[in-house]
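Work the whole structure out from these sequences, hints included.
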Amino acid sequence: MAEKTLSPRRVLAELTYDAPSIKRGYAGQTLYVNLSDNTIAARPVTNLMKEKFIGGRGFDLYLLWHGVDDDTRWDDPENEIVISSGPCGGTTQYPGAGKSIAAAISPLTGVPIDSNAGGHFGPYLKFAGWDAIEVQGKAEQEVIVFVDAPAGRITIEEVPADAPTDTHVLGKWILEHYAESESDRQQMSFVSAGRGSEHSRMGCLNFSLYDRRRQDLRYKQAGRGGIGTVLRDKKVKALVVRTFPIAGNLNAPADLGLLQETGAEMHQEVHDYDPVQNRMRSRGTPYLVQIMDDYDLLPVHNFKFGTHPDTPKINGEVWEARLTQGLPDGCWYGCTVACAHAVDGYVVRSGPYKGQAVIVDGPEYETVAGVGSNCGIFEPDAILEINFYCDTYGIDTISFGTAMAFAMECYEAGILDEAKTGGLELTFGSADDAIEVLHQMARGDEFGRIFGMGIRGMQDYFVEHYGADAQFVRDIGMQAKGLEYSEYMTKESLAQQGGYGLTNKGPQHDEAWLIFMDMVNNELPTFEDKAEALHYFPMWRTWFGLCGFCKLPWNDVVHPKNKLSPEPQKIMHHVENYQKIYEGVTGTAVTLDDIITMSERVYNFQRVFNIRLGYGLRQHDAIPYRSAGPVTAEEYESRAERYDDQLREWLGLDPAQMSLEEKMAAHRQYRTERYQKLIDAVYARRGWSNDGVPTLEKLRQLGMDLPEVVAVVEKHL
Amino acid sequence: MKVLAFYPDRCVGCHICEEVCSQTWFKVTDRDKSRIRIQEHDDGSISALYCVQKGDCIDVCPVNALTRNKQGVVLLREKQCVGCLSCVGFCPYLAMIYHPDQSQPFKCVACGNCVDECPAGALEIVEVETPSAPGPQA
Chain A
1 MAEKTLSPRR VLAELTYDAP SIKRGYAGQT LYVNLSDNTI AARPVTNLMK
51 EKFIGGRGFD LYLLWHGVDD DTRWDDPENE IVISSGPCGG TTQYPGAGKS
101 IAAAISPLTG VPIDSNAGGH FGPYLKFAGW DAIEVQGKAE QEVIVFVDAP
151 AGRITIEEVP ADAPTDTHVL GKWILEHYAE SESDRQQMSF VSAGRGSEHS
201 RMGCLNFSLY DRRRQDLRYK QAGRGGIGTV LRDKKVKALV VRTFPIAGNL
251 NAPADLGLLQ ETGAEMHQEV HDYDPVQNRM RSRGTPYLVQ IMDDYDLLPV
301 HNFKFGTHPD TPKINGEVWE ARLTQGLPDG CWYGCTVACA HAVDGYVVRS
351 GPYKGQAVIV DGPEYETVAG VGSNCGIFEP DAILEINFYC DTYGIDTISF
401 GTAMAFAMEC YEAGILDEAK TGGLELTFGS ADDAIEVLHQ MARGDEFGRI
451 FGMGIRGMQD YFVEHYGADA QFVRDIGMQA KGLEYSEYMT KESLAQQGGY
501 GLTNKGPQHD EAWLIFMDMV NNELPTFEDK AEALHYFPMW RTWFGLCGFC
551 KLPWNDVVHP KNKLSPEPQK IMHHVENYQK IYEGVTGTAV TLDDIITMSE
601 RVYNFQRVFN IRLGYGLRQH DAIPYRSAGP VTAEEYESRA ERYDDQLREW
651 LGLDPAQMSL EEKMAAHRQY RTERYQKLID AVYARRGWSN DGVPTLEKLR
701 QLGMDLPEVV AVVEKHL
Chain B
1 MKVLAFYPDR CVGCHICEEV CSQTWFKVTD RDKSRIRIQE HDDGSISALY
51 CVQKGDCIDV CPVNALTRNK QGVVLLREKQ CVGCLSCVGF CPYLAMIYHP
101 DQSQPFKCVA CGNCVDECPA GALEIVEVET PSAPGPQA
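Line order of the protein sequences matches chains A and B. For what it's worth, our numbering labels the leading residue of the first sequence as 1, then goes sequentially. For what it's worth, our numbering labels the leading residue of the second sequence as 1, then goes sequentially.
Keep in mind the hints are simulated off the structure, nothing from the lab. Just to be clear, a hint being listed does not mean it is correct.
[To be verified] BS3-like, lysine-lysine: derived pairs with alpha carbons at most 25 Å apart: (1) Lys-33(B) with Lys-2(B); (2) Lys-2(B) with Lys-23(A); (3) Lys-52(A) with Lys-23(A); (4) Lys-33(B) with Lys-4(A).
[To be verified] Here are a few chain B residues that sit away from chain A, every Cβ distance over 12 Å (derived from the structure): (5) Arg-10; (6) Asn-64; (7) Lys-79; (8) Cys-81.
Don't be surprised by glycine CBs; every beta carbon is placed ideally from N, CA and C.
Structure representation (structure tokens):
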């Protein structure tokens, strides 16, 4: 491809620099950008940061903590977006070692949100010489922040008025205006949101990757918690990085041979077993749809039910036929698990891009379950339409799906009607009307504005303006801490109720996914067993986000020998792989205990961060009753036999002698108390007070008794 | 297409081919850097790992670094390669080799240098039909 000359751009601020050599996974500096006063500065990565925060989510939270005040709200200029990959991020030899982790104070929760994505940005940023980027302040006009490593230049640039905002068109515009050649395209990545982020609190970040096979851009989303909303609030169109040519040793690992040996063996394992296990390489995460339905765990109609006769219309088999096959669809180089599939040539059927043939990234399981079954939509094209528009408008598919399911139940319950929705008939299954809400969110008008507040915002609004029963909307609104639930049914798994409720950021399954251990295999019979699992697994999974790893290659393909191991759920042969990769990159050997401690430091820091901002206590770990038991008679009756049996078995009651209301009340009391007992056990295991505050003893034991942390905690102990 | 052929019944296990190979491509005599691997088994039998130019790796490469040339030989373009070793794990013949001295893997390209030096006539460059070009399916 011929090189081209780019037109000059209006630079508001500039910093020149020489990209440092990467040493064992670290660039050794972070990039600070303030859009209010147009400052750009390099900041050193200190030993304390590396020792106690590692990188990735740890760096994000450390930098965010020191950037904001105790009373900073999401739309204050002090709020920051921080993005970091972690020391192992950018490793090409092992599957899933290129994640970016983003954090900010969330518009939905008011506390720090961390959300991870594939794509190329985080590793490219590091290879460009920066372990993290920290964006603070608000621009007066639309800007792009451009990190140009080969030119040794960082700029804040004013974006011309005709530049698009929606990601799939903005991406083409960026390549047009910033990439001089095909190699530039390969060496560039950017982070963007979309118009939907401007008018809702559930904005997502799109992380680009240039797909050399398709010779086109693709996107992976850091969806959770509204970081896209923060990006647009700061008037940032995109954060763009151009790095050096990509190679297998850019991370300057301590022991390349160890990475090669471990990676090659893992690739072979994927080759041998993925086709007979989850088939991630051909189906991606939607393989899970049918399994969840089979176990009564697929969210259907706002989490009322766990199964639906139409599920085969949207299961993995269907998606295998729709997803483009035969391409190495990793979201980072070398990911042979390659779950990041796409539907090529989808023709958009509504809205401003109607008639365009586009690439739809995904759909992922969460999207299929969230905007599909949970909304009663069992039409693949409608799911693709919503997926496409969510991405390009910069809206989180999980929050959109769960919030839409809530709105639909409110509609069917009479809280909403056509007059309140502006003529939309939001019954379960109304795909076209759901899609219209998306367009309204992008335009910032009509019902889309109310919807865009998220479930917590809608709950308050419906009570205040529509006279909705506050208890009912609290019970059925599947949010905790203000964040919409991701897409798993938890009614019959107490451990997973905790897996969602006892999180730092809100109910997202990346901390713990214990449903099968707990409900299907009954491996966690006691409160103490559940508490141990709610200690170990969230800590283990937190570590991925510190280092730049993806969770999926850990347990979505497994060597058959794992069955014979003492604790098969921990998948120790893969834990050992991660230990080798961490050692191979950083030169430091770590035991599993070390790993758990590394995570505990950051996890407790994040908990204290929540407390510092006025949350993070026991009352904030509450969950909606829909996630613990049947709210409505319809729900009870759908599983009447099970619930009646439980009354006999758990409570020694005779359901034959009880009215439906009495039976539901007995369940409610039992299940609610049971969750409180779980909280007691988990707090004790985690070293927290009865109010959920990390104790000084625990912080000292972890070496996290930093003065700023102790100062927060002391007020609550 | 050109492809290396190995006759185990003639092989004497001298490993000269490995030394010639590493000398050809890395200018060192180091069997760990050879693109052919002679394996001597406990039962006395001998086998060899080397690329038969089947090309399964071409589709696995995320960056189009593996291509088939006009002679049908599968080549790795080192400047394109990101060293991910996907091709190593997915080669059914275990013929893609790596070494910690460099991030890119390497493979037999049927150059024939080992054939010339094999004292037992156990190696030969032969012509076989090129498999149909692999590529993405719609």
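Hints, verified against the model:
no. : hint                     : result
1   : Lys-33(B) with Lys-2(B)  : holds, 22 Å
2   : Lys-2(B) with Lys-23(A)  : violated, 43 Å
3   : Lys-52(A) with Lys-23(A) : holds, 18 Å
4   : Lys-33(B) with Lys-4(A)  : violated, 41 Å
5   : Arg-10                   : holds, 30 Å
6   : Asn-64                   : violated, 6 Å
7   : Lys-79                   : violated, 8 Å
8   : Cys-81                   : violated, 7 Å
Checked against the numbered hints given earlier, the structure breaks hints 2, 4, 6, 7 and 8 and satisfies all the rest.
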